[in-house]
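Now for the letters of each chain:
Number of protein chains: 6
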Amino acid sequence: MGAPAKSALVVSAHPGDFVWRAGGAIALHVMRGYRVKIVCLAFGERGESQWAWKKAGVSMDEVKAQRKEEAEKAASMLGAEIEFFDAGDYPLRLTQTMLDRMVDIYREVRPSFVLTHAIEDPYNGDHPEASRFAQEARVIAQAAGHKPDPERSYSAPPVFLFEPHQPEQCNFRPNVILNIDQAWETKRRTFEILAAQKHLWEYYTRVALNRGMQGGRNSGRAMTYGEAYQRVFPAVVEELS
Amino acid sequence: MGAPAKSALVVSAHPGDFVWRAGGAIALHVMRGYRVKIVCLAFGERGESQWAWKKAGVSMDEVKAQRKEEAEKAASMLGAEIEFFDAGDYPLRLTQTMLDRMVDIYREVRPSFVLTHAIEDPYNGDHPEASRFAQEARVIAQAAGHKPDPERSYSAPPVFLFEPHQPEQCNFRPNVILNIDQAWETKRRTFEILAAQKHLWEYYTRVALNRGMQGGRNSGRAMTYGEAYQRVFPAVVEELS
Amino acid sequence: MGAPAKSALVVSAHPGDFVWRAGGAIALHVMRGYRVKIVCLAFGERGESQWAWKKAGVSMDEVKAQRKEEAEKAASMLGAEIEFFDAGDYPLRLTQTMLDRMVDIYREVRPSFVLTHAIEDPYNGDHPEASRFAQEARVIAQAAGHKPDPERSYSAPPVFLFEPHQPEQCNFRPNVILNIDQAWETKRRTFEILAAQKHLWEYYTRVALNRGMQGGRNSGRAMTYGEAYQRVFPAVVEELS
Amino acid sequence: MGAPAKSALVVSAHPGDFVWRAGGAIALHVMRGYRVKIVCLAFGERGESQWAWKKAGVSMDEVKAQRKEEAEKAASMLGAEIEFFDAGDYPLRLTQTMLDRMVDIYREVRPSFVLTHAIEDPYNGDHPEASRFAQEARVIAQAAGHKPDPERSYSAPPVFLFEPHQPEQCNFRPNVILNIDQAWETKRRTFEILAAQKHLWEYYTRVALNRGMQGGRNSGRAMTYGEAYQRVFPAVVEELS
Amino acid sequence: MGAPAKSALVVSAHPGDFVWRAGGAIALHVMRGYRVKIVCLAFGERGESQWAWKKAGVSMDEVKAQRKEEAEKAASMLGAEIEFFDAGDYPLRLTQTMLDRMVDIYREVRPSFVLTHAIEDPYNGDHPEASRFAQEARVIAQAAGHKPDPERSYSAPPVFLFEPHQPEQCNFRPNVILNIDQAWETKRRTFEILAAQKHLWEYYTRVALNRGMQGGRNSGRAMTYGEAYQRVFPAVVEELS
Amino acid sequence: MGAPAKSALVVSAHPGDFVWRAGGAIALHVMRGYRVKIVCLAFGERGESQWAWKKAGVSMDEVKAQRKEEAEKAASMLGAEIEFFDAGDYPLRLTQTMLDRMVDIYREVRPSFVLTHAIEDPYNGDHPEASRFAQEARVIAQAAGHKPDPERSYSAPPVFLFEPHQPEQCNFRPNVILNIDQAWETKRRTFEILAAQKHLWEYYTRVALNRGMQGGRNSGRAMTYGEAYQRVFPAVVEELS
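Residue numbers (this note's numbering), protein chains in the order written: chain L, 1 to 241; chain X, 1 to 241; chain H, 1 to 241; chain Z, 1 to 241; chain A, 1 to 241; chain P, 1 to 241.
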């Protein structure tokens, strides 16, 4: 019997976000044996489904079902579990019940790390709200008096913010570049599930290539595809590198 | 008949905060004749009472009672009044009724200054929420149309943010160092009321000594113990020094 | 038949704000044929009507009526439409219904640009709340699934933050200075409608003159009166100048 | 007789910089009738000519000659004049004589705007040094007592910082996106003059496409290729847009 | 025999700076018995004497003499001593000899506080250079091994940055407002010595009035004229206020 | 035959700096088989040798010799090599020759990482100057045309800034905490070589303990002593943790 598998948690406002911004990290850690769980807070049904609404007479439920199906396929292709909160988008309205559920997920998954949105985003208020929520739940999960259980030990995992659409406008300062070369093919194929957003396939392929070249420059080691992250808390290390 | 005594207000999320972060200022100003009132928003019953929850079968009410007793003893040793809001912690949930009460307290105490938490704290969402609340109430208290009374005159006091646990991660930029040498013994004895957090006794003793040395360097005057604060609003002065 | 007139939207917490901070821009764009609509979220009845409350026995409704009348006169003199939300001030409490109405206004007015408050203001929590609200509504207004209508096309307008009372304390960084020479007389006459705040007439006249001199220095072109704004999103241009 | 042509000045540390970072702006404004002058401070002979140094026995003069020829061809293809300062690179060492010449160029060209490097760049100290130099000369050029001439009138032009290789690490905050669709073919063909840096052809093509998509999102107007700039001084405008 | 008089040091790039930006503080502290010494690094002969250069045939020496005379009169009216370094302006070029002299002045004056320029100023490179120089000398003055003298004791004084012409563009964040009501008449009369800059008389009168009103708001105490300063180092205090 | 040993480079303004700020990292990496080389730019002879200057008649050469001896002993106890540049302190004056030597050292040592000072320090101008110098040399060392050698391959190492005396005043934002438990005894014993600065022994012991407790909180793993660092460039990683 070996050590228990490591795990990771991804808190995403809408379905596209975990694909464009963190699909490489998800697929890569799955390949390395991590259990990865995605919490998708809303279906992006109002604000990120322009194409669906072009069909006259389409209903909100139809749009949500369509986006849910896509999100499930995407999660599956990346190798991750997914849970939906159906909080509504534009604006995201997160409830106390959702917060409780989110805390339970932290405690159940016991993630080695958490991925979520940048703290600011003037283009999309759902993103910082998702980030705030993910971080609030993370802190509550470590509170001994929240559903107390003297047997449980738990410590709060590191948080990495994934890249927003327009990084400089969101005060996003990447301090980690993840080499996703091994996971790239999977990430790119997952883009194609999001069939209505073809323009973003190329956009985020370019982002991956440019972050990859930056990764090569910063490390002096060859790499092609990268994802940029901003670590929120200090890394605690046994050796500098 | 002399001038009325000066007064100060401390808005603290949890019981430990006013001790570790502002205990010196409280004791010092009490020694100088100030009336000091502490508003303690929550008992820290869920998030800051790990030791209490190690006892199997302990109830929330027992934990709260225990923390309340400690907080009362600590306030008393420092020479301050204390009022509890019992807003719940992790997360702190402040209501309209609490806001009204907080405004009344501002108007009743008429503080010369207010002490509260830093504006950011990625480790503890209750802290910035307490700070936001203290500042919102401060502004409302000066609104002529809030419980109007043409006889009353009132102006908003300066606000000093006290030091968070990991200052740089909270964007805390101290611009005031208070010499607490005279109050140190009282502050240190108050630590000992918080019997379950012995590791923090030494931590915050070291903080006080290091802030003291920085105070000495910045002023050229000998001092041993200090507390660091961040003034939110400009100081208005009659002479530079 | 010419092109439809351009339009602009102003989201103001209280009546004075759109006069002191954006009165020049409003009057100037009206002169240039813009339809300008002001949304005034509260009457400033509690926090910005000191003089009214000095009258013993005055009621909240009387104060609101008085401020509403002033605001209507001011909007009219500037040449703008005005709509009141009566959200209450100190603190401003914006509801879901108000958000829906605000989104409808965006879609109805289709503004070329939006003016609102700075994002931070430690002196007045209503101001950043108004700014947050204006920006949230702006993003929702462009969501295809919010009251979907396949016929509608809409894109989010640029946002300019107007100058707060103490700019540096609000992290206000002006990157646009608007020459309001042509509109100055109108702006100044509008000040006089706010009869109880005479000290601010001179204050904001000085602000306009100093921003005007800064505008002259930055452009090398003579101008006398200016208003400072902070553009939130990048300007997209066909030529640099 | 029409008005005199407008003009622009580009201050570039090394030959590649004005191509990758500002080639679109240069070609576009040339198309619009501007005189554009590039000042190329160094040949990038030591720090940006890896391929040249791979040839055993190559001399510094040979490398400089090769890079100069490339830079001249690139300037010519973009339609701009170019002047070399040969200040040496890694590190750039700018002299008083060069500063005097730079001031003379400002006064001779009388640019409508200036393009130069970002103010910070931890990857390349020559870039902020070039920016500092360009800005120092700009200020001196307007000093009445520098080579005084009562006939001359001159005012300092706006400065736009062009995009560094890793924008977030350089605190680069773009607030202007220039649509370079019309100039793109020229810019791209100019890349090909820099034959040894093929990997950057694709990198900066991706940058242009992604800035173009951002420009489309920010403006609601279709565009394909963009260049991002950071305006240093406030824009002074007659109308908001 | 009383205590020795207190003293203050002002390090100004050009003659106008100490008048517009710090004239109130100088006059006020002189009234309170301080010895105030101004170090004026350059005469502003090239960059801040436009009017003088309008006279055909005027020489550099004549311009410098004229500005020196003005500066002496201004210092005298404010009640301060003045020493000129004649370092040249636009750009200021400070030498090792000047640094040595500056250090000697610190040791001789033993100032209670130092006033100098803001740390950034994109409009005027001489200003941050003067600030850097003032601060470098301040640190050297306290070095035991610089012209060692075991008898001497000396500690570095607090530094206050005075207000630049366009504060937000210089990242100036005032945290001190000095009430200069008592000194205002003297400051205003000193403006009139700078006869060629009449437009600035009114500009800086407006600045003083607006800072005064801000001072009143921040303190709740009536005042009319203010000067804004940014404290560089933490204040070390015995009581909060 | 194993892989060549790893190595690290430390660029320190004065002798104390590498002990107080980086002594743990040095000793720890030596224990792990790294070659560590310290470049000590000045002896701190003027600004950091107060005690030495208390002896009447002591000469500069004597002070320097004394400090050099201490620095050699300290380096030796930590297990590192040391090279002195004797650049002079207060102010540090680094020459072109020193820069060339520094570049040669980079190429000879080929460090896996570099440790140096924070980028800002209003208390001590030598510190940011040392940091600037270390970073400039790092970039030049990778320039193919600086002492070209087609055989050489070299890429620039990551840079970690060590903790200044008053971190918040220096804009120091630690994003790495190094566990130095294994090296602590060595670090502490090295303090004792700096016999004249006993007050700093305790100060930096407290810093290490508090950074250790923060490390424990951030990681959830027990540790006692820590050193805080700020990584300048993004970490490039194969897995998030």
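Take the hints with a grain of salt, since some may be wrong.
Copies of the same chain are indistinguishable here, so a pair counts whether it falls within one copy or spans any two.
Said to hold, decoys possible - With a straight-line cut-off of 20 angstroms between C-alpha atoms, the simulated SDA-like cross-links for lysine to any residue are: (1) Lys68 to Asp149; (2) Lys73 to Glu185; (3) Lys54 to Arg188; (4) Lys55 to Phe233; (5) Lys37 to Leu99; (6) Lys147 to Gly216; (7) Lys147 to Leu99; (8) Lys54 to Thr95; (9) Lys6 to Val237.
These are calculated hints, taken from the structure and not from any lab test.
Checked hints:
Taking the shortest Cα distances, Lys68 and Asp149 never come within 20 angstroms of each other, neither inside one copy (35 angstroms) nor across copies (22 angstroms). Taking the shortest alpha-carbon separations for Lys73 and Glu185, only the intra-copy value of 16 angstroms comes in at or below 20 angstroms, while the best inter-copy value is 40 angstroms. In this homomeric assembly, Lys54 and Arg188 never come within 20 angstroms of each other (Cα to Cα): the closest approach is 26 angstroms inside a single copy and 36 angstroms across copies. Neither within a single protomer nor between protomers do Lys55 and Phe233 lie at most 20 angstroms apart by alpha-carbon distance, with minima of 45 angstroms and 31 angstroms respectively.
In this assembly of identical chains, Lys37 and Leu99 lie within 20 angstroms of each other by CA distance solely inside one copy; the values are 16 angstroms within and 33 angstroms between copies. Taking CA atoms no more than 20 angstroms apart as the test, Lys147 paired with Gly216 passes in neither setting, with 46 angstroms inside one copy and 24 angstroms between copies. Taking the closest pair of Cα atoms, Lys147 and Leu99 come within 20 angstroms of each other only inside a single copy of the chain (13 angstroms); across copies the shortest separation is 28 angstroms, beyond that limit. Proximity of Lys54 and Thr95 under a CA criterion of 20 angstroms is satisfied in neither setting, with 30 angstroms inside one chain copy and 30 angstroms between copies.
Taking the shortest Cα distances, Lys6 and Val237 sit within 20 angstroms of each other both inside one copy (18 angstroms) and across copies (17 angstroms).
The structure fails to meet hints 1, 3, 4, 6 and 8 from the earlier list, while all remaining hints are met.
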